[in-house]
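S.K.: The lines below spell out each chain.
There are 2 protein chains.
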Amino acid sequence: MGVADSPNQVPFQRVSVSGIHVTGVPLEDLIRAASLLISALGLRQHYMEVSGQSFYKSVAQYLSGRGLPQRNIRNKNHYSMIFDKALKQIGTEEAERYLQMTICSSDEALDQPSAHDGYSPQHSFSHVNELNATSFIHRASAPRSSIESHEDLAEPLTPMDLDPWACPMPSDRRYECRWRRGVVRVYRDAAAEVPLPYRYVPFTQYVEDLNRLSDMISDGPLKSFCYRRLSYLSSKFKMHALLNELHEQALQKAVPHRDFYNVRKVDTHIHAASCMNQKHLLRFIKRTLRQHAAEVVTLHKGAPMTLRAVFEEMQLDAYDLNVDILDVHADRNTFHRFDKFNAKYNPVGESRLREVFLKTDNHMNGQYFASIIKEVIMDLRETKYTYVEPRLSIYCKNRNEWDKLASWALRNDVHSPHVRWLVQVPRLYDIYRINKLLNNFQEFLNNLFDPLFQVSIDPNSNPELHKFLTHVIGFDSVDDESKPENPHLHAAMKTPEHWDDEENPPYAYYLYYMYANMVMLNQLRKEQGLNTFVLRPHCGEAGPPTHMCAGFLLAENISHGLILRKVPVLQYMYYLAQIFIAMSPLSNNSLFLRYHRNPLPDFFAKGLRVTLSTDDPLQFHYTREPLMEEYSIAAQAWKLSSCDMCELARNSVLMSGFPHEMKQYWVGADYQEDGPCGNDITRTNVPDIRISFRHETLLDELGNLFKVSAD
Amino acid sequence: MGVADSPNQVPFQRVSVSGIHVTGVPLEDLIRAASLLISALGLRQHYMEVSGQSFYKSVAQYLSGRGLPQRNIRNKNHYSMIFDKALKQIGTEEAERYLQMTICSSDEALDQPSAHDGYSPQHSFSHVNELNATSFIHRASAPRSSIESHEDLAEPLTPMDLDPWACPMPSDRRYECRWRRGVVRVYRDAAAEVPLPYRYVPFTQYVEDLNRLSDMISDGPLKSFCYRRLSYLSSKFKMHALLNELHEQALQKAVPHRDFYNVRKVDTHIHAASCMNQKHLLRFIKRTLRQHAAEVVTLHKGAPMTLRAVFEEMQLDAYDLNVDILDVHADRNTFHRFDKFNAKYNPVGESRLREVFLKTDNHMNGQYFASIIKEVIMDLRETKYTYVEPRLSIYCKNRNEWDKLASWALRNDVHSPHVRWLVQVPRLYDIYRINKLLNNFQEFLNNLFDPLFQVSIDPNSNPELHKFLTHVIGFDSVDDESKPENPHLHAAMKTPEHWDDEENPPYAYYLYYMYANMVMLNQLRKEQGLNTFVLRPHCGEAGPPTHMCAGFLLAENISHGLILRKVPVLQYMYYLAQIFIAMSPLSNNSLFLRYHRNPLPDFFAKGLRVTLSTDDPLQFHYTREPLMEEYSIAAQAWKLSSCDMCELARNSVLMSGFPHEMKQYWVGADYQEDGPCGNDITRTNVPDIRISFRHETLLDELGNLFKVSAD
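Quick mapping for you: the protein sequence lines, in order, are chains A and B. FYI, in full-length UniProt numbering the residues of the first sequence are 1 to 711. FYI, in full-length UniProt numbering the residues of the second sequence are 1 to 711.
In short, the hints are calculated from the structure, not lab data. Everything numeric in this text was worked out from a predicted model, so none of it was measured. Mixed in with the good hints there might be a few duds.
Identical chains blur together in the list; that is why a pair holds if it fits in one copy or across any two.
Each computed DMTMM-like pair below joins lysine to aspartate or glutamate, with the alpha-carbon atoms no more than 20 angstroms apart [what the hints assert, rightly or not]: (1) K639 x D339; (2) K238 x D501; (3) K238 x D331; (4) K340 x D403; (5) K223 x E701; (6) K436 x D189; (7) K663 x D29; (8) K286 x E382.
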């Protein structure tokens, strides 16, 4: 452990290890572990590239063999200013030590990594030219930098602000789609015999890769290696916090205006049908019942039924209704009872009420659901700094579900700069098959993807769906992961058109076919100049570790990831690949894992990129600010610092699928850069110290692996 | 364990123990324990009576030897109706078993305890005359009972709603006060030689009683006895919950309209200077700085200083200010550092900002503080169901503090039906003495009590103070209890007029002189027809157990009580006496005890009467609903049921000092009755089952003790 800053590095108290075999395992174990882990990272890189999903830049640099990436640096003036501000907080003596550390030539300062395009000087505080340790009056008297006053400007206008549904309408490509072994192939036209040269990953390849990962996670020496590295990472963060906490605090104070309340936070995992809290839903139902009792809301044995009649049949009136009767909140009895939890989506235990109030596709075309979502959106507008990525369902029972969903959104004008949608696909093939709604799994896939390919080939064929999709950022796969299944795939498995069993395909099978078709769809859409999608499945909330292997290969990021706590190899791999994980400890607390045992603080300490999300405010939260409640409880239970909380918030923005310009406005122009260059403390309130620590720690880990594999 | 309901009892699954020596300890131990505990209860009863503070009725009945009190019952129709409602929830078979249990003659039903005055039939659901197991349509079709529709009415109007400061003005009694050994004596007139025959407890008596309690808590056999009983209580509650949880839930559902959100909750422990959250204070400061920069807010070396100048001196402007700079939130560094925590009351670490924004007595007569308190009050009005009892400070440095405080409240019109004040007295004699502001402890007491006696003898002598006191419900004693002190009192201690040491008197000494003078004051005020006060000190947040012995004798109820977890005898005594304890686990989490180790759920299970309170939203909470946040975290961390939460809320109303009529309106006309008769589920949302369980359990415990002592 020592304090040693090189010029051009963010100065802070660094913990470093010196010696020859710094990983603490025998060299042969290290070599073997390195080659396995690097090959796994290589696999993920391939899957991400093929699908057009993002992959962590620094890892890609290592994998490309273009030498080890330099530690990202900034010019010295940037730090001068930060010191100016921080000096007041930390006292002169310490400050002078800092100043000495930062003396460096401006030539060195310009020695920035090549990946550094787009890093424009006016964003780097270059207006502060001198290191003037006596002028601490910056806060009160210095002119605000352009980037600070930026905040006073309106947010970047996108065409959407004028007409939220406005978007380019590419012309018909007249391509033809044909299904082959469960994956769409796109052909130039009906006559073409060879599909377009879109890249993809065959199922057999996927099975092979998945099995490789499955072998890896149970490999003894590799387990020990990963466990040791994770323990090391955990200790290192503890030391970092002890040594740098006060400096992090001082730097945060030095940022004018910004604090945890006004940094942007995205709720990256929330379901639309449960995005309001219980009291909100109750009030909405009561109000609707008072004002619209005579509306026909459903059919009962074919006959129209008014809202009043629905409630009369349940022997309920608006006044009587209370939160206890509504009975949507998770309680002691939902723990390890996903079935009971699912039933909580039915207000008053009545699926009819769910249909009337919480569905997009019902007798009234989801009008009530649209209204309550719009109320939630209004609240978000008032809160200003909170954004959400709610899930809407496509069940794949029927081909016209997409049409109905899009038409629901457009007719009711359900949209907001605060909202981007994910589409969740419940893994319910078995139910539909048993009820003879489907004949085989291929039909399930048809219902999911056919409309998407058609509208992407010819947007004018379905303008509503085309427009709606511009607000959709990806796909989620949902259901109880703890349901028994045979998690192992093999190459000779039935293909979807032959999968006519009443049994559900395993998780990893579902996920592959969502991925594989999304790969094709994304290439088609990219060609058309349209937005592409990511896969962000529920993954590792429960169930076997294979789910998380599938996620590692196929998903840009995931929700939950609880299972990682039991699988050190995967945990370390998720760390190395810097895969975002949207965690919902309150949800877990009601379903799978008591709050105080939640691995979030541990993952966070080790440097896995986690975020805090609410999952289901309807079932779990009490206040009118569910995301803030989630943060508050985490902060209290785990004694998170303001820096920790701002880092979680920054992660949530980076993970999210909001437009590039908005992300730049929220967390900094260069947010796509790894390390401190990608951070803008004036927007994120996260000190560069923290980001540098994370970045350097990761590079050290990667360095350990790539060094021996290169030797 | 068995299921056995006697007629007229609330029917539920009862856990009972049969045998001869049901306490599980040798008879001689039991006899000895009983006599010690009963004498302790007798002591408390005496101290409460003398001071006009309340004492738990059933315990008083036992102590009076008027035979064992009957288990409070209700007429059968009450239960009929509840069953009607509950049946739908619990299924017919079980329901029929219930029905059989409740068959009882109406003569028996009228056999109610004598203490039952004021229990009027129209409040007891007597409009439901028949037990009709087939008509479950109550919810939708039954006419609402008078008590239900009551809710639609406005809250009871008090004279205060018209003029909040209106109150009777008794005429001058021309009494004279003379201090004697630190306690005021009241004389008929200046010539009288014998004081009025007010009751009181001499210091020597108090010391003797306190030492008796101190001996008791370290008595080995008694410790074992109490520990066993407490463990039994804890197990009994667990069984109760397992067996009755679903019925409690069903009964809650059967109550129209009422749920946890619209039961009244009182924040029984909160400090006025920290009753807003950090974001609220930040916004207030920013707004004030923008709008009133030119106002003179303080004196600097005798010269007037504007708000602008204050901020310029700190090199801060309104835009720059953020929550991090404000730095009022508790963090990892406040744990076991009460001194650091206290410093958090200074925004930006500047005591001047505290003076300008958070004091009633400053250059601008506390105008800003009044404004922000009024904003908090406005929020409470909107939330509707939340009430607060904030603490305002009297430091006792100066005789005119009371005048200034009252004049602050009246001039700024700071009042609300949502607010009743407590006056907190920081135990800071030593600081004032060292700074030569006081010569002895008697002067401290003079500054605290002289103005109160004067205005109570002749309200017209100080109408503002007189009016202000009608909104004050009691006294709090505050400071760091973990400061080293010699906690033991002895009869030969210096009296206040001779206490001129630079050392602070011990906690128990402070508390006695506050109590003893309050005793006199209450008797005087009662004679004048004025409201009286209670003692609700911070007690047992840390420090030696003696604090809690003093609290047991002197205080109607207390804040914190954490220390009870280490002292089984005291814990059992607080249980037997049913002393309310306002607990603040989030505050403890930042200062003295990690959240997951907080004894609240344990105390609650055993039947100690605890409430949830916030203490300092400025330092601990994140959302705009701090009390709801406190409940939410407790509910999540400890998996509280809706019934548990509503019981906590009911406790908070019972504990509070709000007017009798408001309490009746909030929790039921007969709230002063012990047991289910005092409960009105339509207002509290707490099923009688729960209240009966608590009541019967307490009577069993008391019965065990009084039986052997009577034998």
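S.K.: Does each hint hold? Answer for all of them.
M.R.: The hints, checked one at a time:
Taking identical chains as interchangeable, the C-alpha atoms of K639 and D339 lie at most 20 angstroms apart only when they sit on different chains, with a minimum of 19 angstroms there against 33 angstroms within one chain. When the C-alpha separation of K238 and D501 is checked against a cutoff of 20 angstroms, the pair qualifies neither within a copy, at 51 angstroms, nor between copies, at 46 angstroms. Proximity of K238 to D331 under the C-alpha cut-off of 20 angstroms is restricted to the inter-copy arrangement: shortest distance 16 angstroms between copies versus 34 angstroms within a copy. Taking CA atoms no more than 20 angstroms apart as the test, K340 paired with D403 passes in neither setting, with 31 angstroms inside one copy and 60 angstroms between copies.
In this assembly of identical chains, the alpha carbons of K223 and E701 lie at most 20 angstroms apart only when taken from the same copy (16 angstroms versus 56 angstroms across copies). For the identical chains of this complex, K436 and D189 are neighbours neither inside a copy (34 angstroms) nor across copies (98 angstroms), given an alpha-carbon limit of 20 angstroms. Proximity of K663 and D29 under a CA criterion of 20 angstroms is satisfied in neither setting, with 42 angstroms inside one chain copy and 72 angstroms between copies. Proximity of K286 to E382 under the C-alpha cut-off of 20 angstroms is restricted to the inter-copy arrangement: shortest distance 19 angstroms between copies versus 23 angstroms within a copy.
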